[in-house]
Structures are given as structure tokens and as C-alpha cells.
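**Student:** Starting from the known structure of chain A, arrange chains B, C and D on it as the hints suggest.
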Amino acid sequence: MNIHEYQAKEIFRKAGIPIPPGEVATSAAEAEAIARKFGGTVVVKAQVHAGGRGKAGGVKLAKTPQEARDVAEKILGLTIKDLPVKKVLVTPAADIETEAYVGVIVDRASKRAVFMVSPAGGIDIEQVAAETPEKLMRYPVDPRYGLMPFEAMELGFFLYDDVKKARAAAKIMQQLYSAFVSSGGSLAEINPLVTTPAGDVVALDAKMVIDDNELDRYPAIAALRDESSEDPSEVDARNANLTFIKLDGNVGCVVNGAGLAMATMDLVKYYGGDPANFLDIGGSSNPEKVVNALRIITSDPNVKAILFNIFGGITRTDDVANGIVTATKQNPLKVPIVIRLTGTNEEIALKILKDNGFSAMTDMDEAVKKAVSLATGAAA
Amino acid sequence: MNIHEYQAKEIFRKAGIPIPPGEVATSAAEAEAIARKFGGTVVVKAQVHAGGRGKAGGVKLAKTPQEARDVAEKILGLTIKDLPVKKVLVTPAADIETEAYVGVIVDRASKRAVFMVSPAGGIDIEQVAAETPEKLMRYPVDPRYGLMPFEAMELGFFLYDDVKKARAAAKIMQQLYSAFVSSGGSLAEINPLVTTPAGDVVALDAKMVIDDNELDRYPAIAALRDESSEDPSEVDARNANLTFIKLDGNVGCVVNGAGLAMATMDLVKYYGGDPANFLDIGGSSNPEKVVNALRIITSDPNVKAILFNIFGGITRTDDVANGIVTATKQNPLKVPIVIRLTGTNEEIALKILKDNGFSAMTDMDEAVKKAVSLATGAAA
Amino acid sequence: MSIFIDNDTRLIVQGITGRDGSFHTRQMIEYGTQVVGGVTPGKGGQKFDEKVPIFNTVHDAVKETGANATVIYVPPMFAADAMMEAADAGIPFIVCITEGVPVLDMTKVYPFVKEKGARLLGPNCPGLISPGKSKVGIIPGRICTPGNIGLVSRSGTLTYEVVFQMTRAGMGQTTCVGIGGDPINGTNFIDCLAAFEADPDTESVVMIGEIGGTDEQDAARFVNEKMTKPVVGFIAGQTAPPGRRMGHAGAIISGSAGTAAEKMEAFEENGIGVAKRPIDVVQLLRNN
Amino acid sequence: MSIFIDNDTRLIVQGITGRDGSFHTRQMIEYGTQVVGGVTPGKGGQKFDEKVPIFNTVHDAVKETGANATVIYVPPMFAADAMMEAADAGIPFIVCITEGVPVLDMTKVYPFVKEKGARLLGPNCPGLISPGKSKVGIIPGRICTPGNIGLVSRSGTLTYEVVFQMTRAGMGQTTCVGIGGDPINGTNFIDCLAAFEADPDTESVVMIGEIGGTDEQDAARFVNEKMTKPVVGFIAGQTAPPGRRMGHAGAIISGSAGTAAEKMEAFEENGIGVAKRPIDVVQLLRNN
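Residue numbers (the numbering used here), protein chains in the order written: chain A, 1 to 380; chain B, 1 to 380; chain C, 1 to 288; chain D, 1 to 288.
Derived from the structure by calculation, the hints contain no laboratory data. The beta-carbon is built from N, C-alpha and C at its ideal position, and this holds for glycine as well. Be careful, since some hints might not be right.
Restricting the straight-line Cα-Cα distance to at most 25 Å, the calculated cross-link-like pairs of lysine-lysine (PhoX-like) are [unchecked claim]:
#1 LYS55(B) <-> LYS86(B)
#2 LYS276(D) <-> LYS133(D)
#3 LYS108(C) <-> LYS171(A)
#4 LYS276(D) <-> LYS269(B)
#5 LYS114(C) <-> LYS276(D)
#6 LYS86(A) <-> LYS63(A)
Calculated Cβ distances over 10 Å to all of chain B for the following chain D residues [stated by the list, open to error]:
#7 ASP6
#8 GLN34
#9 GLY42
#10 THR57
#11 ASP60
#12 LYS63
#13 LYS108
#14 ALA169
#15 ALA194
#16 ASP201
#17 LYS226
#18 THR228
#19 GLY271
#20 ASN287
Quick list of simulated restraints, FRET-style, between CB atoms [as the list claims (entries may be wrong)]:
#21 PRO92(C) <-> ASP6(D): 41 to 49 Å
#22 ARG221(C) <-> LYS81(A): 31 to 39 Å
#23 GLU126(B) <-> GLU269(D): 22 to 30 Å
#24 LYS43(C) <-> ALA94(B): 29 to 37 Å
Next up, chain A with everything else stripped away, as it sits in the complex (with noise of 0.2 Å):
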């Protein structure tokens, strides 16, 4: 789960991590209003759960009240990856003397949480990676001891000569883990770490992405969720208990296992056609599941054809059958659609799909290949 900017600064604040103040506005009225409390020049940013926010126009810098107020008014009107941007947060401009990076991600390699860090921060560190790999430290935590003084210390040296500064830095990267672990966190960033003419260390961005997994242990992390931030069909399926992700195609795909519903596209794609969507039921076989997952399905123009491709083992294809017939009871189908099904109960199901007006199939690839001729309008 993606949580804001201003969500993770209150996270790593609490942790005791230095960050100035700031406060979000959902109209250009309320922003004016903050710069105003707050004096002085601000920065006005955008609160969406893209990247690159800078380069999309979506943090600018204002002198006055009354400019917070205009490049709020524009922030708030922008449209970042797809995602409306609806709140910005405003805070005090910082004098910045150096820019670092210091993010903190869990490692299938190392099967461990790893920092990453560089004093080359405030541009992508994927850039700083490919570019000046020499300038990224990576250092993987032994969750069994957590990140140690020393380690801390030795990253803190990697960002700074003076020792002051680096035992800020490594303060405030023992705090970052802390927060990181205590929230059930995938990754935890701080793009840029700033040094200040005064010589303080302060995080002026923060972000942080929520391990799904962990959000029954953390209700308040899971009440951060922002469902107006989000694509409204993927806020659908996840209520729903699928998971889904929209696509540029035509070919509507409803399939139980991940592995098998990647494999799906890739054969809608071997065969010509290109796919609406991902979309995994699962294992279980609620017929509710598919009711749902056919309603958010069809609620896209762009789909032409659906195509069911089931697999029966923990899941029943009777109850996959059910699912298809009720759902589409309740909302007669304007596309064609090809159902694959195969597995556990899988003369149940051919039976009630037939007794409904629905035909079948047990292949994959023919099921496939139909659906694609039918999306593209070609004969099956």
C-alpha cells in the first residue's frame, strides 16, 4: 500500500527522525492560508502516489501567500500518471547546503531489509545506480540484531566526512529502520537527506510503501489508506478480494492463480490480441468473487471479448459456473465471452454452463485463441 508524503513524514517524525513542519491543503485557499501561518517562502507539493512529481510540475516553490495560493491552484489541477492530484502539503523552504539519499527496502536477494545509501541524493537513485555505482551503498540488516551503532556510524561516514553530521545521519537511519520495521513496511526512502548551512541533518521528503500483508497488525497504518488516490476499479477489486491491475487492452482476463493469469496474457499476446487487465480470483471459489470480478471487468469501454481461464484444484469450477450465470443474470453481457475451465468438478460446471446458454472449453490455448479473434473481430 502506497501511503503520502506528508503520511510518512508524520511516521518518521514520530520515530524521532528531524523533518520540518509542514501541513496539507486541499484547496489553493487552505494552501495560502498555511504559507501564511508559516511565513516566508514555502514549497507547495504535490500529494500522489507517483514518482517524479518535480519534473510532472507538481512541487513548485512561493515566495508569498498569495503565490502559494496560485501554484497550489495548478498543483491541485494536475494530473500526475493518471492520478488527480487532490491534496498538496506546504512547508517552509529549506536552505539546503548537500543533498543525500538514504532508503531502506526489503531484498529477495539477500532475503533481508537492505539500506541503500548515497550522497548523491535529490535525483533518482535508479540514475545514481546505473551512472556512479561507486557513489550507492548497499547494506543489507540482520533482522535478528536490527541496524547496530557501528553499522549506522559506518553508512553515516558514507554520507558524511564530519562526524557530527554522520552520527546525525546514522541517528536518523536507526529511527528510519525502526519506523520502517514497526509499520510493516516493503521500503522506506528519504530523497533528499539535506545538510543545512547550520549544520543540522533534516529529512525533507519522505516516502514509505506498506507491506499489504502486514495491515491486519497496523490498523492505524491501514486507516492511512487513500482510496481517492487510487485507480477507482483497482479500490474496487481489492474491496472485493481481487487482485487486479488495468491494462491498455481489449481482452478482459479472469483467472484463478497469478502465475496462471501472467501466463494468460502472455498467450492473448502470442496470439495476436492484447489484455484489459491482470486479474487473480484466487484460490478460493466464492461464487461472489466472480460476480465481482465480472462487474469490474465489463465496467471498462475498452473491453471487446472476456475470457475465463480456471484451473480447478483448491478452486471449484461448479462454483466458477455459478458465479458466471448469476453474475450475468444480474447484468446481461454486451461482449462475447470464452470460458476455460478444467479441474475439480469440472462436469459440474460444463453442466450448469450449458443448462444456461454458455459453451465451454477444457484447452487453453484454443480458449485463447477465441477470445482473441472475437476481441479483434475476426472469425473465431
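**Tutor:** Positioned in the frame of chain A, the structure of chains B, C and D alone reads:
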């Protein structure tokens, strides 16, 4: 550092352990008022750093507020194991169905914190260990992982067959471990942990010993120290950074190093004397420490002779000599003193002492023999 | 022969009385797996389906049954503890079916299990089956048949699809292993490939990968350097958009690392036949 | 020969610019110890006494100096971290002089150091000396003389007392080791006894124990079962009252376990000559 039951209960309560309410009284009138507030039968418990309070008459039931007053009056007049009772805890009496023991202590052998739990609680756990060892489970905790849920459940099932009670006990043990670790404990104990007829699992007593070496890290815990409950000479010594334990003999000993201090006491005994104390001035050789050491030792009227045994390594023997001279100028000695010095700056030390009218020796055995004979009044 | 499980596997089921645990326990028993016990705290002393003894703790179960394997069906928040309990009790082979285990939990489970010397398969995996001998987990028994092909996969239903097509084509399996798609799991491709290489009955191996991470690339090098037996492979996710997470499989693409194209290239470079479609696996095996 | 340290010991000092660290660094250099570097965060690049290079981190120091030993003089709250930093940097022999290290810290340091394969001596110990070769720690060099007796002790000044009397009696030492009196330490009696047994130059061993714990009893059994060289011993704390803590030595008596009488009995039962007084050690050695 020992803390009182009511203080340990507060720590345990904050960790989430279910503990009946209770308030501290320093007078019988206060105890009566508290008992009236709670209503019903209360228990009045001496708050004193000593075990065996019950046997010493320090724990009493009181059915009415008036009775609570009477009982508190008596307990506040007690001296348990040389320590005067200055506070009592008043707490509502609980309905008890079973009594168990739960403790955690740092263990030298396994080099870990070790849980000790027994379904036979409410009595001295050493007795359980000696008489019914099968009723005592020892469970070392890997500090890298902490007490894991499955481990706590194993301990819970050792106490209770009923899964609800086992779960409640498991939770309490995880909370106890957390309180223990986050307070710098060297021992934490609940004896008894009881079950009530309603099926609740509740901690009726609480004991905690804090590792002195952790006190700098936890100022709030350090502030719990109750000097009024300790031996005044030991308080005095601690404030002077000396390690001091009062004993019953008549040879006052001042030594640098704990091992040498114990060996010196042993040698006093070997030559027929009785040490009046253990006193270690430690490694540094601040003359002020010597002054304090002499003040503390001479305040014991039993002391008939004073023995210095200093092996100078880090400790500079001239510093010790200067300390002796300063101290005896401030407060002339009323008992004979035997000084043994050897090691770092020995020649200077011997000269300082000689110039100020002290004689000194370099052999440990000779010095001890002389001190013993002076203390016992025999010829040196 | 087979890998990891066979006729001598003595299995306990953690979470045996739960919805999934009880269903699959019956399935496993029906398939012929020796299920010697189950664990549900508070139900110790009872029996599952009047025959399988239930224990309060894994330690109790191991002591009484001499189990040498366990399969875990407990809710995600309790799965890490269940895996560690099993390892602590000395069980050498642990299969965790549970989906949705927090990845930070797994960062602790992994070193713990390793210190105890156990092998963990999963979490979020379908388990494994040695056709005709034993099945542990949820792979449907009827889609498999004994034979001499080993199969290892990060996926669940995609595995079934491939195994089913192999079985229909008369190509039986020594063992089919689903290692699971989570970012941190106990057993990886290389562990399984090495076991298949050492298994005298396995003659060739099918490896089914997904986008995300570099396990498939590492495995491809291993095949090239250490294996004598032929390996064919398939990678799912060629059409997955970069930077998006494709469901619980935990398939994450970060930048260029872990794309399907990259993995397929690694397969080809290291002599692993690459199937364009799942069905092509069968043809590639025929060509061996 | 000697144990743990000799002419090839290349030492760094953690906390080299502190009050104790600087004093004892000079003492060690004067004695002939090869002090190749020091660590004080923020003073990296400077030199101590214009000759010993200072580094910000132990990793830096090891990389630049090839140190194979370290001695730690840092305040108690930082000592655990210093020990772990040293082990993490790959230093095989770590001596921690610091007194007052929290025991819960040590419960973490101990497994960490063990996992890294390092030997830790201390904390709260005087260090060790191989007379004529190298000294690491705070044992005064002038009370020692080269010879063929090994000495291991839980105490500081009591060790000096005994060593001094040995030296005066013409009995030189291969190595004198102070293992420290804290409840949890890195190296125990048995570790040292085994090293002395393996050292060809050590002909006999002196073991000085204290009340508290059961290390001496375990060591006594080890002497009986595994050692061919004669061992004599002394135990301090015969007059210590039960249940009280005798200062920083961490000597705790719980019930009957760990009394001086018990330890002396264990010595006698296992063929270790017991000195009644410190001076008697010399006589017992003469009798060997």
C-alpha cells in the same frame, strides 16, 4: 538495584500484564483510607527489599478499613531482615483458584535470559527446584529472536491444560519478557501468578531487580531507587562510587579490586579474624574515594582495626597514601590502621606515609596478620 | 526415487482442524500420505476424523509421532511462528502453504530455520507431490502420474496446467515442487535442481519461472555449470507492465532486473529450452 | 610459545584517544606490543602520539592495518557495539577491558561474536600478557616474567598479587589471562585451559577463581578428563555471605550453587591442588 513490589507492578502493568489495582500508604491512616476506597477485604503488604515478607508478618489480610489501619500500623513498625518497613501496598484481596510461579533471570551458564515457570507457585521457588524439580521448567530465550509466541505457548501449557489460560499466561510471559528487557532487568518475577474462579490469569505479586549497569540508560527506572529502604552505609558507599557490603566482623577492609578484596577477607578469617565489610575502591585512584572509604568504615562501631590492601596497577599507590593522610587529618582515627601497599609508585607512597607518621608494609600476609591481632587485642 | 518426500515421509499438519487444513489433510490421506499427527493448540488429546492424533504443540507432536515433515495451514499472522515452532521442534522438512505472510516476518524465519538445519518450502506455495508415493500440500493428485521428470515452479495453478499437459502426454513425474512466489522463501530453484540432479530416477527437469527477482537467472547458470540432466523452462509475465505487482505471486519488476525477456535470455544462454507457451513444454521434453 | 597473543599480534585500540585508552596504549607500546592503529569516530586521519594512525571505524582500521587483535576501552554503554563492530570487521581476537557492560547487552554480543568466529576476552577483564612478547590490556608488565607457567583468572588485582609472588619466586609465565568476572563473558576457564594444554611451552597452569556460577567446577572436570599438565588453583570469596553481590566481579551466590567451598571441593576431587592463601600457589607449583 532492587525496586519495590508496587514499582515493579507499575512496570508490569504498563507492559500490559493484568494486575489488580493497589495503592501505597506510608501511614496507617492512609492505609485505612485506601481500604475504604477499594471496599471489601484488602491485603496489606510491606514494601521492603527482602524476601520472606509473609513469614515475617509483613503481609496481612484486612476485612474492614479499621482492620486495615490496625494491620498497617503493625507492619509499618516491623523490621524485616534488618530493613525497616516504611511503606505498605494496599490492594483488594483476590479470589484464588490456583497459584503458579513465573520468573525470568539472566543465567550465566546459558548466557541468556532464562524463564523459570512452575505450576506450584506461591511458595519459595528454590524449594520447588529442590523438592519437585519436575514441576519447574527452565526455558532459555534466544535474545536475537526474543520470546516467540510458540515458546510462550509451551510455557503456558506447562502451567495450564486449559487453552484459554495457557494463552493468557503466554501473553503475560511475552509481556514480562518485554518489561524485563526494556527496563534493564536482571530478574523479573511473578509469584504467584493466579487463576481466579472466573478463569482470569492475574499477577498478584511482582518483583524486579535492575542491572545497576543499565541505570544510565533508563533514567526513569533509576529514579525508582528508594534510598530510605536501604542500609545507610551502603547508600553512602554507592554515592561515593565504592562497592561496599557491611558484615559483622571487626576488621575494616579497604581493597582495590573485588577478587583481591574477597581474598583479603578470606585471609582475615584464615588468621583468626572477622572482616567487618567488603569494600572495593575500584580501579581508579582518586584520593577522595579513600577519604570516603575511611569515613564509611569508621562509622561502624564494631570496627577495631582498619586494613588497607592495595596492589597498584592502574591504581596509583601514592594517590591512596595521599587519601589516607587527608582523611586522617580531617577525622583522626580512633582505631589502629594497617597499610599494605605495593605496585605503581610504591616508593613515593611509602615516603608520603612515613612523612605523615604512618608505617606501611608490602607483604599481604604480614599485613593481614597484624590487622587481625590489632582487632582482637592480641600483640601484633 | 523422488526428492524431499517419499513413502517414508511421516507428516504432521499444523492447523489440522482449520478449514483448509482439514480439507487438505483428508486429500493427502486419500492420496496415501502418512499423516501421523496434527497440531491445534487446545485440541491436544483429541483425534482428527477419529484417527489422526492432535497435539497442542509441535514439540509434543514430534515427541509422540516421530514426524519428519510438517505442512502448515494457519492464518498469515501466525504462519511465521508456526514455521519457527516446527524448526525448533527439530522437523527437517517444513512446507508452508499459507498465503499472505508478511515479508518482514520471513526475514526472521529464514535465518531461524537455517540455524536449526531444516528445509523450508514456501510460504505461499502449493507444496509438492511425489506421484504414487506422497503428497504434501494442495497439488491435485489426479493431474500427476509417476515417471521420471522433475518439475519445479514458482507458481500454483500454472504448475497444474503444465503438469496436467505432461500427464496427458504420458510424461510422468518423479516430484513436482511448487517453491512459491513470495519475495523471501525457504527453498529456491537451485535447491530443487540440485536435488533432481542427485536423484537417480529423475531424467530431465522442467522449471517454471515468473517475472521478478533473479532466481531464474541464478538457476540458469547453475544448470549450465552443475547439471548433467536436460532442463526446459517457461517464464510467465512477458506482458506484465514494469513496476507493478502482479498479485500475491510477489512478482515485482524493478527497472530492467527481473523481466521475463531477461530470464528467457538467461535460459537460452545456459542451454535451457524455452517454451513460448505452457503447452510447448511437452514438445521440448519430447525433443530431449 | 604462548596463548592468544605473541610477537605476531597486530593490535588496534578502540577508544584510543580516551583517558584509559591513551594511557594504556602508551603502556602497551612501551612493553613492546605492536599497536598498529586506533579507532575514534571523527578522528580518522589523525595520529595518536604522532605515530599510531587513527580511524573512524574498525572496518577502516582493519582494511588499512591488517590488525588481528583489538582491545576496547570505551564507556560501558558503547562497549557492546564496539565488540560487535570488531567481530563484524573480521578481527579474530577481541579483548574488552570496559567494566560495567549491561549483562543483557552481553546476551546479544555473545552469539554475534560466536557467529562471526571471533574469540572475545572479557568484558570487565584486565586483558592478558605473554611476558616478553606482547601485552593487551592493563596487566602491569613489570610484575610478570617469561617462563613456562600459564595463568588464568577471573580477577584483576588478585591476579597481579599471585603473578607477582610467582615472579618473585622465579616462576615465569607463558601467558597470564584475566577472563573477567562478569556473569557473561566471551572466554571461560576451559577455553584457556585447553589453549594452555595445547601450548608446548606451558608446563603447568594456575587457575584463580571466585564465588558465583559453576565455571570453576566445569573447568575442574575438564582438567581431570582432558589435561595432562598439572593445575593448581585458588578460590576467592570463602567468607562472602550468601546471596550478596561482591562488587563488579559479579560474584553471586544463589543458594548452595557457586560457593567457594563447593569450588574448592571440585578442585580437590579433580586433582587440582588448592591454595588456602594466595601465597600458597607458589608452594603448590614447587611441589609439581
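**Student:** If a hint holds in the structure, say so; if it does not, say that too.
**Tutor:** Hint by hint, here is what the structure shows:
Restraint check for LYS55(B) and LYS86(B): satisfied, since their Cα atoms lie roughly 18 Å apart, inside the 25 Å limit. With a C-alpha separation of about 32 Å, the suggested pairing of LYS276(D) with LYS133(D) is violated against the 25 Å cut-off. Taking the CA atoms of LYS108(C) and LYS171(A), the gap is near 23 Å; set against the 25 Å cutoff, the hint holds. The suggested pairing of LYS276(D) with LYS269(B) holds, with an alpha-carbon distance near 11 Å, which does not exceed 25 Å.
Of the supplied pair hints, the one linking LYS114(C) and LYS276(D) is violated, its CA atoms being roughly 50 Å apart against a limit of 25 Å. Taken as a hint, the LYS86(A) and LYS63(A) pair is honoured in the structure, with Cα atoms around 22 Å apart against an allowance of 25 Å. For ASP6(D), the non-interface assignment is confirmed: its Cβ lies about 22 Å from the closest Cβ of chain B, beyond the 10 Å cut-off. Annotated as non-interface, GLN34(D) keeps its C-beta farther than 10 Å from every C-beta of chain B; the closest such distance is 22 Å.
Every CB of chain B is more than 10 Å from the CB of GLY42(D) (nearest about 22 Å), matching its label as outside the interface. The claim that THR57(D) lies off the interface holds: its Cβ sits roughly 23 Å from the closest Cβ of chain B, which is beyond the 10 Å cut-off. Listed as outside the interface, ASP60(D) is consistent with that label: its C-beta sits roughly 27 Å from the nearest C-beta of chain B, beyond the 10 Å cut-off. No Cβ of chain B comes within 10 Å of the Cβ of LYS63(D); the nearest lies about 27 Å off, and the non-interface call holds.
The claim that LYS108(D) lies off the interface is violated: its Cβ sits roughly 5 Å from the closest Cβ of chain B, which falls inside the 10 Å cut-off. At roughly 13 Å from the closest C-beta of chain B, the C-beta of ALA169(D) stays outside 10 Å, upholding its exclusion from the interface. The non-interface label for ALA194(D) is consistent with chain B: the shortest C-beta to C-beta separation is roughly 18 Å, beyond 10 Å. Listed as a non-interface residue, ASP201(D) keeps its Cβ farther than 10 Å from every Cβ of chain B; the least gap is roughly 25 Å.
Distance check on LYS226(D): its Cβ is at least 19 Å (rounded) from any Cβ of chain B, clearing the 10 Å threshold; non-interface status holds. Every Cβ of chain B is farther than 10 Å from the Cβ of THR228(D); the closest lies at roughly 27 Å, confirming the non-interface assignment. Every C-beta of chain B lies more than 10 Å from that of GLY271(D), the closest at about 23 Å, which supports listing it as non-interface. Chain B leaves ASN287(D) outside its interface by the beta-carbon criterion, the shortest separation being 19 Å against a cut-off of 10 Å.
For PRO92(C) and ASP6(D), the Cβ-Cβ distance of about 44 Å falls inside the hinted range of 41 to 49 Å, so the restraint holds. Taking 31 to 39 Å as the suggested C-beta distance range, the pair ARG221(C) and LYS81(A) conforms, at roughly 36 Å. For the pair GLU126(B) and GLU269(D), the supplied restraint of 22 to 30 Å holds, since their beta-carbon distance comes to about 25 Å. Checking the proposed 29 to 37 Å range against LYS43(C) and ALA94(B) shows it holds: the Cβ atoms sit about 30 Å from each other.
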